[in-house]
Amino acid sequence: MIRFENVTKVYARGARPALDRVTLDVERGEFVFLVGASGSGKSTFLRLVLREERASAGRVFVAGKELGGLSSWKVPALRRGIGAVFQDFRLLPNKTVFENVAFALQVIGKPRHHILSTVPDTLEMVGLAGKEKRRPHELSGGEQQRVAIARAFVNRPQILLCDEPTGNLDPTTSLGIMRLLDRINRTGTTVVMATHDDEIVDQMRKRVVELSTGELVRDQSRGVYGSDR
Amino acid sequence: MRLQFILSEIGLGLRRNVTMTISVILVTFVSLTFVGSAALLQGQIGKMKDEWYGKVEVSVFLCPKTSSAPTCAGGAVSDSQKSDIKAALDSPEIKPYVQHVYYESQEQAYKEFQKEFKDQFWASAATVDDMNSSYRIKLTDPKQYEVVADVVSGRPGVEDVQDEQKLFDKLFLVLNRATLLAGGLALVMLLAAVLLITTTIRLSALSRRRETGIMRLVGASTTFIQLPFMLEGAIAATVGALLAVGGLWVGVQYLVTDWLGQSVQWIPYVTTQDVLTVAPLLIGVAILLALISSVVTLSRYTKV
Chain X
1 MIRFENVTKV
11 YARGARPALD
21 RVTLDVERGE
31 FVFLVGASGS
41 GKSTFLRLVL
51 REERASAGRV
61 FVAGKELGGL
71 SSWKVPALRR
81 GIGAVFQDFR
91 LLPNKTVFEN
101 VAFALQVIGK
111 PRHHILSTVP
121 DTLEMVGLAG
131 KEKRRPHELS
141 GGEQQRVAIA
151 RAFVNRPQIL
161 LCDEPTGNLD
171 PTTSLGIMRL
181 LDRINRTGTT
191 VVMATHDDEI
201 VDQMRKRVVE
211 LSTGELVRDQ
221 SRGVYGSDR
Chain V
1 MRLQFILSEI
11 GLGLRRNVTM
21 TISVILVTFV
31 SLTFVGSAAL
41 LQGQIGKMKD
51 EWYGKVEVSV
61 FLCPKTSSAP
71 TCAGGAVSDS
81 QKSDIKAALD
91 SPEIKPYVQH
101 VYYESQEQAY
111 KEFQKEFKDQ
121 FWASAATVDD
131 MNSSYRIKLT
141 DPKQYEVVAD
151 VVSGRPGVED
161 VQDEQKLFDK
171 LFLVLNRATL
181 LAGGLALVML
191 LAAVLLITTT
201 IRLSALSRRR
211 ETGIMRLVGA
221 STTFIQLPFM
231 LEGAIAATVG
241 ALLAVGGLWV
251 GVQYLVTDWL
261 GQSVQWIPYV
271 TTQDVLTVAP
281 LLIGVAILLA
291 LISSVVTLSR
301 YTKV
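Protein chains in written order, with the UniProt record's numbering: chain X, 1 to 229; chain V, 1 to 304.
Source of the hints: derived by calculation from the structure; they are not laboratory data.
Just to be clear, a hint being listed does not mean it is correct.
To be verified - Distance windows between CB atoms, simulated:
1. X:Pro120 <-> V:Thr199: 33 to 43 Å
2. X:Lys74 <-> V:Ile287: 27 to 37 Å
3. V:Arg209 <-> X:Pro120: 26 to 36 Å
4. V:Arg177 <-> X:Arg112: 54 to 64 Å
For every residue, glycine included, the Cβ atom is placed at its ideal position computed from N, Cα and C.
Produce the complete structure using the sequences and hints provided.
And the structure:
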């Protein structure tokens, strides 16, 4: 589903590479934790998958397509197959929960009846049934993240990228979010989650990929957060 | 869904930057009024040329008794001098330029003079002998005045050669200068309009960075993301253009048709109809402005 072949990313000429010759394969339907200290290259990895950045060297494949050779007008089509969730939720404060989720479908030109049938289903799936008319500031952090996940998932992407989705949440709420991500993963969606949350990683026992200063230092199935444990 | 969504986005953007939107409308309004004025001035010149160039004549004034011009040293023009002049005008080199020639005697000139200035007290002091007899020449091509004038001016018996077109040319010169002025101001204002629309679009794009960020993330196409901003600029500029058309219409109706047209009646004037002819040009320029500004701005601020 996602394949990195000797991928190097250098932001500024002469600077230390954010990713250094990383080779990695993520299969369809896998759940992968991406761990490592701040600045280890986790976000760069996700940005490369989303084609927000281009690799400086090496090749990135997403859903069978080589992104280096992808012309920029094909990028939107690529992103329609990828959902993304962030630590800061990135919701639109002046739109309701329903509108926030519907927005993702509206802007890719989905017809009204499709939106009216899909959005409530998705909101129910993430556990927000009955809160459609609330605005983000009326929701708890966990609920806001559920809205963000609903928005990322409403178009049923093949891949869900999560950049520290529990970074702003307390442990109990985080657990709820993780259960939700796990459920999404069980529908066949490939989930790649960058995180600092050792408790969650240790609990979930999924594949763990560790980056350190841009280099891939560990790739372990059913792994834990710290390699020294 | 798409159209409705884009329209609501546009409405949102316009309302969010209402002061900038108003300033874009005003700047395009003023700049396009200048563009329109320049176009109407040229239209006015065209109308006057059409109307007058067909009528203008070259007048060869012959010496009266009292003239002090050097070519009139021999007193009033003699018959042999007259026939020399006529022969020159009929010569094969000049003939192609001349449509027809007629002779106006001193008596006829006196009658015309008295008719034209009958209300003036000084007109009664003039006598028949003060008048010029003249050859009035209608040219096949009014622009070829010089050719004819060269042949007859300076001949004995000719006091003066006058071309009516020269009088008009002065007027046209004034109108052309006015066109240049209006055009120059229009250019400056258009530049201001482009810069202002650019700034407005940039502001609008910045204030909706969050939305456009999410749009990019969920895979909205570049066109879809940029269209609302482009249309915002285009709508504001078009409103400005419509105001300019309205302003010119009112200006032509009240200043030209109702006021100038009533007080100076012998000139053919541009009409409100001409304003409507210019209108598509103005709206076109407005949309072009908005397009240029959008392309310049959006390629930088809403990159995929």
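Hint check:
no. : hint                              : in the structure
1   : X:Pro120 <-> V:Thr199: 33 to 43 Å : 42 Å, holds
2   : X:Lys74 <-> V:Ile287: 27 to 37 Å  : 30 Å, holds
3   : V:Arg209 <-> X:Pro120: 26 to 36 Å : 29 Å, holds
4   : V:Arg177 <-> X:Arg112: 54 to 64 Å : 59 Å, holds
The structure agrees with every numbered hint stated previously.
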